[in-house]
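Residues in the sequence shown are numbered from 215 upward in steps of one, following the working numbering.
The calculated DSS-like cross-link candidates involving lysine-lysine, where the alpha carbons are at most 30 Å apart (straight line), are:
#1 283 <-> 310
#2 310 <-> 218
#3 304 <-> 218
#4 278 <-> 304
#5 304 <-> 283
Calculated from the structure, these hints are not laboratory results.
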Amino acid sequence: MTLKYQTFDALFEALARSEFRSKFRLTGDDRVFAELRSPELLNQHAHEILKNRIGASNPKNDGKQTPYKGHPVFTAQHATGCCCRSCLFKWHGIEKNRELSDRELNELSAVICEWIRRDLEKPAKKKRVRKGETLSLFD
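Please put together the full structure from these sequences, using the hints given.
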């Protein structure tokens, strides 16, 4: 686990107390994407995304580099406090201004994959219908 929490449960209990972090859920498209990929492939994606976006000592556009949608890992990064170096420090105790080690990247990837796994166990979020929108019978 990361420096600040010894277990996934302890981390996820703390994240659940955050109004901002606790609101994140996978979209329908992200759920399908995650369900069709192996856990190993999702872990590989998480590791690569973390390394490329926040792994450097001073990432480009830190605090704004992680999109909110487009890949289940992006959503999980926000839900788990792995989206920028400030959040990494706050939620995981990982200091800024230094590259993330392979061990840290592996631990953070595991956190993200565990969050995705747990979110997939919850019932899917109901699709919100906006005024004037029609739904497909096959969704």
